[in-house]
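Peer 1: The residues making up each chain are set out below.
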Amino acid sequence: MPRRGLNATGVGMLPWVIGILAIGVWFVLFGPALAQTELVRPHVPGYETPDWRAKIKEATAPNPVWDYVDVGFLVVAIGAASYLAIRARSRRGLVILAAISLFWLGFVRQGCICPIGAIQNVALTLADPSYSLPLTVAVLFVAPILLTLAFGRTFCGAVCPLGAVQELVAVLPMRIPRWVDEVLGLLPYGYLGLGILTAVCSGYFLICQYDPFVSFFRLGANFEVWLFSFAFLGLGIIVARPYCRFLCPLGAIFRIVAPLSRWHLKIHPSRCISCRLCEDVCPYNAIRRATGQTPEASEIPVKTSPLVVALLIGAIWTVGAVSGFLLGPVLARLDWRVQLAEQIWYEESGLAAETTDASDVFRKSGTPISELYQQAAAIENRYRFGAVLVGIWLAFVASTKLVQLQTPARRDEYEPERSKCYCCGRCFRFCPIELQRLGLLDEESLAVYVKSRGPG
Amino acid sequence: MAGVLGRQDEGISTFPPAAGGESRRVFLRDSLRMAGLVFAAAGVGYIAGRKGQPTDLVWQLDPDRCIGCGQCAINCVLHPSAVKAVQFYPLCAMCDICTGYFDVSYRRLDTGAENQLCPTGALIRQFIADQAGVPRFEYHVNRELCIGCGKCVRGCAMMNGSLFLQVQHDRCVNCNDCSIARACPTRAFRRVPASQPFLLKRKARQILEAGVLGATS
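Quick note, the sequences are listed as chains X and Z, same order.
Read in my numbering, the first sequence has 86 at position 86, and its numbers run on one by one without any break.
Read in my numbering, the second sequence has 462 at position 6, and its numbers run on one by one without any break.
What the hints contain is simulated information worked out from the structure, not anything from laboratory work.
Keep in mind it's a predicted model, so treat the numbers as computed, not measured.
A couple of the hints might just be wrong.
[As the list claims (entries may be wrong)] Pairs of lysine to aspartate or glutamate, DMTMM-like flavour, derived with a Cα cap of 20 angstroms: (1) X:LYS57 <-> Z:ASP552; (2) Z:LYS657 <-> X:ASP51; (3) X:LYS55 <-> Z:ASP552; (4) X:LYS55 <-> Z:ASP566; (5) Z:LYS659 <-> X:GLU182; (6) X:LYS57 <-> Z:GLU600; (7) X:LYS401 <-> X:GLU182; (8) Z:LYS659 <-> X:ASP51; (9) X:LYS303 <-> X:GLU182; (10) Z:LYS657 <-> X:GLU182; (11) Z:LYS659 <-> Z:ASP512; (12) X:LYS57 <-> Z:ASP512.
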């Protein structure tokens with residue numbers, strides 16, 4: 001393709017002069033090397049070329065023993081957290097365990113024994129047969145989910161280093177309005193979808209890239225990541241666990257799993273007297289009040305007829321699928337092969353001012369351009385298909401939420417909302433029954449107390 | 457387990473479920489949990505079944521795509537970087553003036569630091585023989601000193617490739633999201649099987665295949 005130059009104006013000689021000068025300078029610089037045009041190794045009698053493999057062999061990986069130690073630590077720590085939350089009912093124990101986990105998994109092991117990131121490894125394994133999942137990573141992913149299925153989110157509470165750092169900095173937690181909580185609480189589902197989509201289609205690890213606290217664990221990051229980290233840490237002082245609640249993709253999985261848990265922490269050790277003292281202590285809006293004999297009408301913000309709900313759900317699903325279809329190609333531009341194809345296309349059609357390093361290397365590699373275009377188109381199609389699935393997934397989450405809002409359940413006692421409860425143990429000390437159990441409140445005082453505050 | 461935590465069991469797993477909304481919900485929850493367990497078991501089985509077919513993967517950079525830009529030295533989560541220069545001796549032409557060793561603004565052709573390209577003095581010149589007045593040198597990379605900046609790689613005459621960068625797996629922590637791979641302008645990084653964790657230049661591979669220059673030595 002001829003490019004429009006400046007020849008007509010007479011300035012056109014300049015590139016030539018610069019070019020010749022550049023070639024001259026190049027010869028001065030590299031002349032000595034060019035003297036041996038062939039660049040063939042000379043034969044030196046009596047000298048034997050050293051073995052190039054010897055050096056490179058020193059650089060192979062040692063046996064990953066520590067990985068097994070870490071997986072063991074993780075499982076034992078979740079067990080301990082579950083014991084502390086459900087049986088021992090010790091907030092102090094949970095905080096100490098969180099500090100230990102933060103020290104070991106966070107600062108010593110630098111935050112990369114991480115079930116959150118393992119989501120992408122699993123997704124990539126299912127999508128790409130050439131990628132193999134290390135056994136430790138598989139256990140890392142499955143163990144917390146199974147243990148959450150048994151004991152609730154005790155992993156989040158005291159074992160996850162990201163959760164632990166936020167638990168420890170949440171010194172002035174404020175309660176945010178429930179509706180804000182619910183709306184922002186939908187973000188993790190989207191993030192989970194995006195993380196899996198990019199892992200499957202591009203082999204990227206977006207969730208690891210935007211890990212907010214790994215910069216602290218490694219004490220090194222670039223400016224943007226530090227800014228991101230400090231923003232989350234600062235926010236975490238007044239809004240408890242902002243990453244866990246509004247971004248963590250593993251949290252999105254746990255929210256589905258935790259309500260099914262077999263054993264779960266209870267606010268009261270034996271019985272609930274509906275004294276309402278625990279109502280406001282939870283910084284995660286995770287305590288559900290007792291409803292009495294009939295579900296309170298006030299629990300349903302807007303009572304809607306089933307027909308309208310059905311129509312709404314239909315609309316949500318349609319919007320989800322269609323927006324996925326439209327957004328797919330946009331998301332595909334995250335992939336470097338699509339970016340490269342775009343750059344090459346611009347160069348081919350004379351629209352690009354200059355080539356990039358990537359396009360230079362591509363042209364040198366001798367791969368036909370049509371092959372790159374085909375590859376990029378295939379990736380775009382994968383993104384389109386994947387984005388539709390993500391859209392439907394989000395629609396499913398939103399419509400489930402809608403149905404939940406319309407069908408309140410009867411509750412006889414105050415209980416933690418298992419999907420949101422991080423088993424932090426803040427509520428224990430506010431329960432008079434717990435104080436009685438600990439011997440801090442005698443039977444008589446409790447009776448007086450129950451009489452004055454009793455159910456109602 | 458039920459013994460340890462028996463206190464929490466009350467009213468959870470009665471089967472068949474008693475009448476009433478509460479136990480229906482409990483029954484539903486139990487069934488869903490079982491479904492979850494079966495699903496997880498199936499997943500583990502699937503992964504275990506695949507295990508052993510593909511090998512474990514590690515990061516490596518393709519020297520044919522490398523332009524010696526220096527990003528490896530500054531983007532790795534490790535300090536110094538896990539990427540270091542490697543010498544493929546059969547490709548080194550023992551040039552009269554090694555442009556990987558000497559800064560082009562050298563004043564004298566000696567080992568003075570101001571004449572060397574390597575900022576840490578990691579490229580070591582060893583005298584071999586004098587051939588009809590032309591001194592021959594061998595160049596070695598000191599792994600402890602090398603920071604992976606790629607100056608020698610770029611310098612090595614026209615990127616001949618006897619000096620090239622490679623991820624050193626005794627140091628690399630194999631991050632999911634390799635931060636050098638993300639910063640690499642030519643996307644030279646990819647995952648390779650851990651059993652064959654190094655990538656050579658095309659020219660080096662040709663030399664090995666042709667078996668010239670005593671390829672194995």
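Peer 1: Each of the hints needs a verdict: does it hold here or not?
Peer 2: Status of the hints after comparison with the structure:
no.: 1; hint: X:LYS57 <-> Z:ASP552; result: violated, 29 angstroms
no.: 2; hint: Z:LYS657 <-> X:ASP51; result: holds, 17 angstroms
no.: 3; hint: X:LYS55 <-> Z:ASP552; result: violated, 25 angstroms
no.: 4; hint: X:LYS55 <-> Z:ASP566; result: violated, 26 angstroms
no.: 5; hint: Z:LYS659 <-> X:GLU182; result: violated, 59 angstroms
no.: 6; hint: X:LYS57 <-> Z:GLU600; result: holds, 15 angstroms
no.: 7; hint: X:LYS401 <-> X:GLU182; result: holds, 9 angstroms
no.: 8; hint: Z:LYS659 <-> X:ASP51; result: holds, 17 angstroms
no.: 9; hint: X:LYS303 <-> X:GLU182; result: holds, 17 angstroms
no.: 10; hint: Z:LYS657 <-> X:GLU182; result: violated, 54 angstroms
no.: 11; hint: Z:LYS659 <-> Z:ASP512; result: violated, 27 angstroms
no.: 12; hint: X:LYS57 <-> Z:ASP512; result: holds, 18 angstroms
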